[in-house]
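Chains as they are written, first to last, in the working numbering: chain R, 6 to 218; chain W, 6 to 218.
If you're looking for bench data, these hints aren't it; they were derived computationally from the structure.
Hints are supplied without guarantee of correctness; some may be wrong.
[Stated by the list, open to error] DMTMM-like mimics (lysine to aspartate or glutamate), calculated; alpha carbons at most 20 Å apart, straight line:
1. W:K147 - W:D137
2. W:K13 - R:D56
3. R:K160 - W:D143
4. W:K17 - R:E196
5. R:K149 - W:E216
6. W:K218 - R:D186
7. W:K45 - R:D184
8. R:K45 - W:E202
9. R:K13 - W:E215
10. W:K101 - W:D86
11. W:K101 - R:D184
12. R:K175 - W:D151
13. R:K217 - W:E196
14. R:K13 - R:E44
15. W:K175 - W:E196
16. R:K212 - W:E196
17. R:K13 - W:E216
18. W:K73 - W:E28
19. R:K175 - W:D184
20. W:K160 - R:D151
21. R:K218 - W:E130
22. W:K45 - R:D186
23. R:K149 - R:D184
24. W:K17 - R:D192
25. R:K73 - R:E28
26. R:K45 - W:D184
27. W:K17 - R:E28
28. W:K101 - W:E196
29. R:K101 - W:E202
30. W:K160 - R:E28
31. W:K105 - W:D56
32. R:K13 - W:D137
33. W:K101 - W:D137
34. W:K212 - R:D151
There are 2 protein chains.
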Amino acid sequence: MANEFVSKAVIKRLPRYYRYLGELMNEGVEKISSAGLSEKMHVTASQIRQDLNNFGGFGQQRYGYNVKNLHNEIGLILGLDQPKNIIIAGAGNIGKALSKASDFSQHGFNILAFFDTDPAKIDPEKTIPVYDMSSIRDFTSKNKVDIGVIAVPGKYAFKTAHTFIECGIKAIWNFALVDLDPAVPKDVVIESVHLSESLMTLSYNIKASEEKK
Amino acid sequence: MANEFVSKAVIKRLPRYYRYLGELMNEGVEKISSAGLSEKMHVTASQIRQDLNNFGGFGQQRYGYNVKNLHNEIGLILGLDQPKNIIIAGAGNIGKALSKASDFSQHGFNILAFFDTDPAKIDPEKTIPVYDMSSIRDFTSKNKVDIGVIAVPGKYAFKTAHTFIECGIKAIWNFALVDLDPAVPKDVVIESVHLSESLMTLSYNIKASEEKK
């Protein structure tokens, strides 16, 4: 199903298609034309057709898209049919915020545990238990873990990534302001959220918008 | 300085240049060739030259880049010479995590206050005070606010965005899983962080990586 020549930009747009199709399903809409989807999503119909053609199309001439089928197909493309177990390194505010995001579990992402080095944060009795970082190998040998989240300060990010990899974790969701990609084996996938860089992008756009006046 | 024809991809890369140049400065490096910067950043030298040419270049033949000057110039392009005041709607975990990110204030982003509707969260005595949402107009009439952060549940996101806009706020940093862009005037800039979509992108890449084996 996945196509290794699909551009990063298309991949980034897939979750958005998935979200809008989910909303249409909730509204009871059964089919939609690419023009209708285009209007709803504020992208051109031609972009939608091009994006979906990367995966074989899915539309039927004159009929348009069957909303439920397309939602399901994009879910498969995104791998959402396979539930994923997650552990989070760092039981600080970012980690806690992630553990409280209700939409993750809806899509099959299950947060199993936190790991931290601060004795004051360790609490194995919590709904999502917080264990000592030193027990991570033991935990991952007994539990299948698909994704490791790095929510520790930047200076510990590389060490944490290497611990994850030693434990056999093949996917890292990174919130530290470092670029892990060059430092990990090719079969480990990284997705980073660099909040301060997002804020700087906003700052750029503020300046650009003011200069347009 | 800003150029309205600069692509979004280039703009997204600018904060990363800024970060690496800052690190080089901290290491005492005074000049660097585009080849040297390329090796450090794991992008091609030609990409670096192309990206920076959008803003006039900055490199000198044979000499390369003066690290401090280029860091400063990119900071100006990003508007980091203008400190920005921020308020956060929603004093939950995401909001708290943002308020504790030490690197924001280093770059001139100052979080002035939280606003929330939950009486249990309101506490005007805190270091970063938490006020009742109803007092936001009064606050923004007395304080210059450059950026409003939406860290409220998705169903309140549009209402919050409209409140920000009524208060004269021209830039929104949005953490709710909604697309605000089509709903706001053209002179309001939006930057969104859609965490569950980032997680889905990671899920896609896990699947693609497994299929390559």
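Hints, one by one, checked against the model:
no.	hint	result
1	W:K147 - W:D137	16 Å, holds
2	W:K13 - R:D56	19 Å, holds
3	R:K160 - W:D143	41 Å, violated
4	W:K17 - R:E196	15 Å, holds
5	R:K149 - W:E216	19 Å, holds
6	W:K218 - R:D186	19 Å, holds
7	W:K45 - R:D184	11 Å, holds
8	R:K45 - W:E202	18 Å, holds
9	R:K13 - W:E215	17 Å, holds
10	W:K101 - W:D86	25 Å, violated
11	W:K101 - R:D184	24 Å, violated
12	R:K175 - W:D151	40 Å, violated
13	R:K217 - W:E196	18 Å, holds
14	R:K13 - R:E44	23 Å, violated
15	W:K175 - W:E196	12 Å, holds
16	R:K212 - W:E196	14 Å, holds
17	R:K13 - W:E216	17 Å, holds
18	W:K73 - W:E28	11 Å, holds
19	R:K175 - W:D184	31 Å, violated
20	W:K160 - R:D151	30 Å, violated
21	R:K218 - W:E130	39 Å, violated
22	W:K45 - R:D186	12 Å, holds
23	R:K149 - R:D184	26 Å, violated
24	W:K17 - R:D192	25 Å, violated
25	R:K73 - R:E28	11 Å, holds
26	R:K45 - W:D184	11 Å, holds
27	W:K17 - R:E28	29 Å, violated
28	W:K101 - W:E196	19 Å, holds
29	R:K101 - W:E202	18 Å, holds
30	W:K160 - R:E28	13 Å, holds
31	W:K105 - W:D56	32 Å, violated
32	R:K13 - W:D137	41 Å, violated
33	W:K101 - W:D137	16 Å, holds
34	W:K212 - R:D151	11 Å, holds
Of the hints listed earlier, those the structure fails to meet are numbers 3, 10, 11, 12, 14, 19, 20, 21, 23, 24, 27, 31 and 32, in rising order.
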